[in-house]
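Undergrad: If you read the sequences in order, they're chains C and A.
Residues in the first sequence are numbered consecutively from 9, following the numbering used here.
Residues in the second sequence are numbered consecutively from 9, following the numbering used here.
Don't read these hints as lab results, they were simulated from the structure.
There's no promise every hint is true.
The list makes no distinction among identical chains, and a pair is therefore deemed to hold if it is satisfied within one copy or across any two copies.
Stated by the list, open to error - In silico PhoX-like cross-links for lysine-lysine, where the CA-CA straight-line distance does not exceed 25 Å:
| hint | residue 1 | residue 2 |
| --- | --- | --- |
| 1 | Lys137 | Lys103 |
| 2 | Lys103 | Lys27 |
| 3 | Lys142 | Lys103 |
| 4 | Lys456 | Lys207 |
| 5 | Lys378 | Lys419 |
| 6 | Lys13 | Lys27 |
| 7 | Lys378 | Lys103 |
There are 2 protein chains.
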Amino acid sequence: MSEQKIPYKIYLEESEMPKAWYNVRADMKNKPAPLLNPGTHQPMKPEELAPVFCEELIKQELDNDTAYFDIPKEILDYYKTFRPSPLVRAYNLEKKLGTPAKIYYKFEGNNTSGSHKLNSAIAQAYYAKKQGLKGVTTETGAGQWGTALSMACAYFGLDCKVFMVKVSYEQKPFRREVMRTYGADVTPSPSETTQIGKKILAEYPGTTGSLGCAISEAVEVATSTEGYRYVLGSVLNQVLLHQSVIGLETKAALDKYNIKPDIIIGCAGGGSNLGGLVSPFMGEKLRGEADYRIIAVEPSSCPSFTRGKYAYDFCDTGMVCPLAKMYTLGSGFIPAPNHAGGLRYHGMSSILSQLYDDGYMEAVSVPQVKVFEAAEEFARAEGILPAPESSHAIRVAIDEALKCKETGEEKTIVFGLTGTGYFDMVAYEKYHDGKMDDYVPSDEELEKYMSKLPKID
Amino acid sequence: MSEQKIPYKIYLEESEMPKAWYNVRADMKNKPAPLLNPGTHQPMKPEELAPVFCEELIKQELDNDTAYFDIPKEILDYYKTFRPSPLVRAYNLEKKLGTPAKIYYKFEGNNTSGSHKLNSAIAQAYYAKKQGLKGVTTETGAGQWGTALSMACAYFGLDCKVFMVKVSYEQKPFRREVMRTYGADVTPSPSETTQIGKKILAEYPGTTGSLGCAISEAVEVATSTEGYRYVLGSVLNQVLLHQSVIGLETKAALDKYNIKPDIIIGCAGGGSNLGGLVSPFMGEKLRGEADYRIIAVEPSSCPSFTRGKYAYDFCDTGMVCPLAKMYTLGSGFIPAPNHAGGLRYHGMSSILSQLYDDGYMEAVSVPQVKVFEAAEEFARAEGILPAPESSHAIRVAIDEALKCKETGEEKTIVFGLTGTGYFDMVAYEKYHDGKMDDYVPSDEELEKYMSKLPKID
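The shape of chain C in the complex, shown without the other chains (with noise of 0.2 Å):
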C-alpha cells in the first residue's frame, strides 16, 4: 500500500472495536507473581480479596489463563461514546525532524478524563454497580484516573469517594471542580479523614503526598464503609486487561493498513497505559510470532525499571494492601513534588515487572526539562498539547526518530499519547519560566526505601 493512502488518523468503524480484553498473562510462561497476604505470605485467596474488590474484578484479577474476557454491552456502549480513539500518523513532527521515521501515535485523550483511564474506570464501575454496591473509593494522582472514575460513577449512578494526592490537588485546582461536576467527593490526600493519613502526617510533617499513601487511604474508607469497595486505576492485572482495548485497536488500526512496527513505547507509571499498549504485540512476542521492540519510558525521578528492586513489596505506604512483586523503589518512597504527577508510584504492574525481567521490554528514564521540551515540539508540530506523564513517551519516540535520522533507517515507531495537558498548566509555566527542575535521587536515597522491603522467602 502507498505511503499516500495512510491517513493522519486512522480510525476504526464503530463494529471493528474490540468485543474482548485480551489477557497476556495466558501467554506468558512465567506467570506475573500471585498477591501475597501481608500478614501469612501466602497467595491471596479470592475470599480475602473480597472485603476490598468487587467480586468479578477479583476474577479477572487472578485469572492467568482466560486469554479473552468479553467487554459486556454496558461497557461497550460507553465505550462507544468515545472510542475507538484514532491512532495518528504524525506527518507534521516527522516533518519538522526530518527524520525518514514514520512515526504513529494513538491518541487517548480525546474524552473529558483527558487519558486512557476512562477505558478500566467505566469497567469497575459497571461491576460495582452490577455487585450492588452504594459506592467506591480510589486515589488519583495527576487528577485523570480521579475524574474518568468521577464519569464512570456519574453515568452508573455509583457514590464515589477520591483521595487525590496533596501535590497534585494544590498544582491542578480545577481537576476538582470536575470531578465535582460528575459528583465526585475529592479529599487532599494524606488527610486527616483516616487514621492511616493521620498516622503519615504525623511522620512525614509537610508531605506533598503519594500514590501509596493515597491508596492507604481509599482502602481504609472501602473497608470501613457499608456497600464500598476499593477501585484502582493501574498496577493491577484487571486495570491491564481492561486497558488492552488500546492496544486492541492500535494493532487492528495498523494491521487495516499492512503496518508493521519497530519499536512500540509508552510512558511508565504504575504500568496500565503501557500493559494496554503493549499487550497484544507482546502476546505475539511470547508465542514467538512476531518481534518488536518494547520500551517503557519513566521519569528519572520515580525510576522503578531502571532503578529499582525486583522484589515483594507493599502498594501502599500504609501497607494494608496485600504484597505484589514487581520492580520497586520501596512503598516508603515520596518523589520530589515534581510535575509528572501521573508517573510516582514507587512500584510497578507485577506483569510488566515479569515481562521486564525475563527480557521481553526495555526501560529507559529521562529527566523533566527534557520531556517538557518534547513536549512542546509535539504540541507545536501536531497542535495537542501533550500530558506531561505522556511526553515521557513522546521524548523517547521522539529520541528513536532522531537517531533514524542519523542512520537513515525508515524505522515505524508507534508510542502511547495517554492523555492531554490542560490541566498541568502551571507545570507548563515553570517550564517557560525556566524554573522547573531536574530532580534525580541519589543511590543513597533509593536504598533507603529499598533496604526495608519485607522479607520473603
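Here the structure of chain C is known, so what remains is to put chain A in place on it, guided by the hints.
TA: Structure of chain A alone, referenced to chain C:
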C-alpha cells in the same frame, strides 16, 4: 435505514472531507449590507481594508457571489490533524431525558484550542504567511480563539500577539500558558500598551473588558507595526466562510445515513460557529430545496438578536474599525462579568443578521444558571464537559427534546457542541457553590448604548 445502524459517532473518511468552503452569501437574495468607511459612510474598498487585513481574506470578505472557495492543500493538511470532527448521536442523553427526539451534536472541541476556532485560525494564518507577513494580532474572549490562532501561527511560523479580554484573562490563567506553549504574546485588555487601551481605561476605570475593546487594541497594533495584519475569530464574512466546514461535514454525515434534521441549534456570540454550522442547511432553505427550524441561542446577559437593533454600528469599542450593519446592543455595551466569556460581543455577524431579519432563523436568549444545569446534565450523560458557550445550545436542545417528550414527536435535533469547558472551571465552581448570577440588563441600560448608534442614511 434502521435506527440501530446509526453509530454513536459518525466519522467521515478523510477522503469525504469538504474540499471547498461554502459561501452562503451566494444564495442570499438580500445580501448582507457592506462594511462602511467610518468617515465617509461609503462601502469599504479593498484598498481601504488592506492596511488591516490580508489580501486574500479581503477578497473572501467582499465576495457575495462565489458559492465555493477551494480550500488550499496546506490548510487541508492541517485540517486533517483534527478533522473531520465527529457527529455524535446523543443516545445517552436521549435515554436520560426519556425523549422520543433524536439528538445529534457536531463536536468541535476535540483539538487543543478546545473549539471550532481552529477552522478559521489556520486559514487566516495561512493567508498571512502566504502574503509574506511577519505576524498577526488579534483579540480573544474566552481564550479559545487566541489559543487556536497561537496554534496556527506556531504551525506556519508567524508571530502572534493576542489581546485577551481582562475578565477571561483573570478567570482563565491557564489559557495564557497554553498560548505561550505555542509561542504567543498575551496581553490583558484593556491595556496600557495602546492609545485606545489607555483611553478606555481612563473612561471606564476598573472595566473587565470586552471583545470590542480588545479588537480596538489589536487593530491599533496591527496597523502601526510593519509586517503585521489583524485577524478576527468571528463576526466577519470570511470567518463564517471558513467555518462552513462544520456544516458541510455535518450535512455529509447526516446524508450518509439519510437523516433529515428538523431543528438546527447553535450558540451565537459573533456568529461564527452558528453561521458555519447552519450554512449548507440555510443554503438549501434559501434555494427552496428544504426547510429547517434554525435557532440561534444567546445569553440573556448579551442579547444582540433578541433585544438589539438592526443597524449600522462600530465593530469595536474604540470605533477604529469599519461600520457593519448588524443586530447590535451598541458598541459601548460591555456585558456584566458573567462567565459566557465567548458570547460577550455586542454585535452579530452581518450575514446572520440579514438572514434573521429576513425570517430565515429564530433566536432565543437563555439565563446562565439554566445553561449550567444543562451543561452538567449533558456532561453526566454524554461524558464531555462542555464549554459554557456551547452549553447555551445544549440548553435549547434539551428544551426542544423535552417538548418532544410532551408531544410524542420524534423530531431530529442537531446542535453544535463548539467546545470543551476545561478552562472554565472557575465558572463551574461558582455554579456548584450557588454563587452564579443571572444578570439580565434592563431596557434602560441597553437603550443607553443603542441610543448612541451612529446615524447612517
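Undergrad: So, for every hint listed, does it hold in this structure?
TA: The hints, checked one at a time:
1. Within a single copy, Lys137 and Lys103 get their C-alpha atoms only as close as 48 Å, which misses the 25 Å cut-off; across copies the closest is 18 Å, which meets it.
2. In the homo-oligomer, the alpha carbons of Lys103 and Lys27 lie at most 25 Å apart only across protomers (23 Å), although the nearest pairing inside one protomer, at 36 Å, exceeds that limit.
3. In the homo-oligomer, the alpha carbons of Lys142 and Lys103 lie at most 25 Å apart only across protomers (22 Å), although the nearest pairing inside one protomer, at 52 Å, exceeds that limit.
4. For the identical chains of this complex, Lys456 and Lys207 are intra-copy neighbours only, at 20 Å inside a copy versus 63 Å across copies, given an alpha-carbon limit of 25 Å.
5. Taking the shortest alpha-carbon separations for Lys378 and Lys419, only the intra-copy value of 23 Å comes in at or below 25 Å, while the best inter-copy value is 53 Å.
6. With identical chains, the CA atoms of Lys13 and Lys27 are at most 25 Å apart between copies only, with a shortest distance of 17 Å across copies and 27 Å within one.
7. Taking identical chains as interchangeable, the C-alpha atoms of Lys378 and Lys103 lie at most 25 Å apart only when both belong to the same chain, with a minimum of 20 Å there against 47 Å between chains.
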